[in-house]
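Enquirer: If you read the protein sequences in the order shown, they are chains F and H.
When the letters of the first sequence are read in order and numbered with the working numbering, they come out as residues 2 to 260.
When the letters of the second sequence are read in order and numbered with the working numbering, they come out as residues 3 to 267.
Please note: incorrect hints may appear among the correct ones.
[Said to hold, decoys possible] Only pairs whose alpha carbons sit at most 20 angstroms apart, straight line, appear in this in silico SDA-like list of lysine to any residue:
#	chain 1	residue 1	chain 2	residue 2
1	F	K80	F	D114
2	H	K138	F	E134
3	F	K111	F	R144
4	H	K138	F	D57
5	H	K33	H	N221
6	H	K138	F	G162
7	H	K138	F	S170
8	F	K111	H	K138
9	F	K179	F	V244
10	H	K67	F	E60
If you are wondering where the hints come from, they were derived from the structure by calculation, not from laboratory data.
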Amino acid sequence: MYPENDGEMSEKIQRLIETIDVANVLTDPLTRSIEDLLRVTAADIGSGEASVLVRDGDEGDLRFLAAIGKVAEQLVNIKVPAGKGIAGFVLSSGQPMAVSNVEEDSAFYKEVDKATGYSTEMILATPLQHDGETIGVLEYINRKGDPPHTPFTPDEMDRAGRFASAIASLVYAYESAKLFRDLGDKLVEDNEKFNIDEIRTWLAEFRGGAEHREMMDLAVMVREIAGRGEAERQMCRELLESVMRYTDSRNEGSFLGTE
Amino acid sequence: MITAERIQIPNVADWAGLFRFDDDWRGASGKGVSVAIIDSGIDVLHPDLVGKVASSVEARIENKKVAFDPSDDGDSAGHGTACAGIIAKIAPDAELHSIKVLGAGGLGDGMAFMAGLEWAIKQKYRVVNLSLGTTKPQFFAPLHDLLDRAYQAGCIVVAAANNLPQPSFPSVFSSSLISVIKSEETDPLNFGFHYGEVIELTAPGVNVRTAWPGGGYRNLTGNSFACPHIVGVIALLLEKHPNLTPFHVKSALHSIAMENLNKSV
């Protein structure tokens, strides 16, 4: 039910942004969707294990964001230092790559296997790209069933590249949601306590869809930032204008006019 | 991205015998030809590479610019060693130079390898193996300029093409460099030719057995392993014909690829 009165609405929204567990509302369904996609695509590739690594900081380090398979739980949040291993190379080079006899010698970056107790024999790794940025790496590990296993084929590599573009969109959405969550956390950090149960009840009655909630979220956040002073207002405006310029420019593909 | 409509080219058969490049390069070893490998470094102690790597440098940031220092750090990811191993197999006497741009923390993705390319052009290396790429649009123009400089300096840049849905630079700049895509061919000298969105050569890139840091070997698949095959062949061509320009080299590769295709028909 929407509140009738503007003042009441604004107060409710203020409290809403302070109480929503943005982490769960925005990011949990996304990680689940990423795992679902990993499961379906790994079956298509003929692999038992798959994982997604994302950038961790600005130095080229990677972190496991999602995984499926025997050691999925241990993998999540393990970090891979910049430039290390197959994933590190794929992130910095933007080139997909497959290795079929990983276990054969000692130079392979073994820290991840050590941490999970798993034995990597084959990797197919492809970059996750979104709007010109490499935002992470998609990996398929080992074949299903008993050995001997055939190496990953060029056709499977091409398919993995196509899967990567779908998964990259989800990973990008996850990362954006996480950004909002962190910003939201910062905003509410100093605010005073309030009655969580009351807000939850109101939320349960709230009829707007997830998209609507996100829009409100954004609007409230902008209002909150703008309320912090002239400098913040100015910065917020500049940031938003540059986002608009960027999305405008992306829509202009050709110099030729349409007939 | 503005793309031109595909131009119809004559059938392969129509081109056969039109140009013919001497076969003397087949007996060459790449002697006296300098080859730069812009990558993750090279394991210079690998049995396949001992004595073949003439220099190794590594990128370092200095006041938001990139500087190169001598490096004895080896290979952080394995890829550079793998590429060097492929080149050394085809052109065992080529003089390899490792330019390590991967694994340097804090460097922008494209910036490090652009600096590496600029370094290679400044050192006047004849052939550059570039298995890296970027999809960032802001590097489009500066990379174009760099590749033009390489072209004018007679430095032949060979890049791994990218068959991911998004275009990657610089492999889409087909006029100023040589772009390579993987094939299932196993004979390293039996490369081919492919005319698609960009003009590409095809070379072995599926399950290629090559050197890996620590003295071992790996079976690797990817366009980035097709690229060093063509680099090796160019080193052979340049040993026999040191004055070939990038334009000549492209024409020579094309005529050899046509011959290879006709042989297999």
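Enquirer: Compare the structure with each hint and give your call.
Expert: Evaluation of the provided hints:
no.: 1; hint: K80/F x D114/F; result: holds, 12 angstroms
no.: 2; hint: K138/H x E134/F; result: holds, 6 angstroms
no.: 3; hint: K111/F x R144/F; result: holds, 19 angstroms
no.: 4; hint: K138/H x D57/F; result: holds, 19 angstroms
no.: 5; hint: K33/H x N221/H; result: violated, 27 angstroms
no.: 6; hint: K138/H x G162/F; result: holds, 18 angstroms
no.: 7; hint: K138/H x S170/F; result: holds, 17 angstroms
no.: 8; hint: K111/F x K138/H; result: violated, 31 angstroms
no.: 9; hint: K179/F x V244/F; result: holds, 18 angstroms
no.: 10; hint: K67/H x E60/F; result: holds, 16 angstroms
Checked against the numbered hints above, the structure breaks hints 5 and 8 and satisfies the rest.
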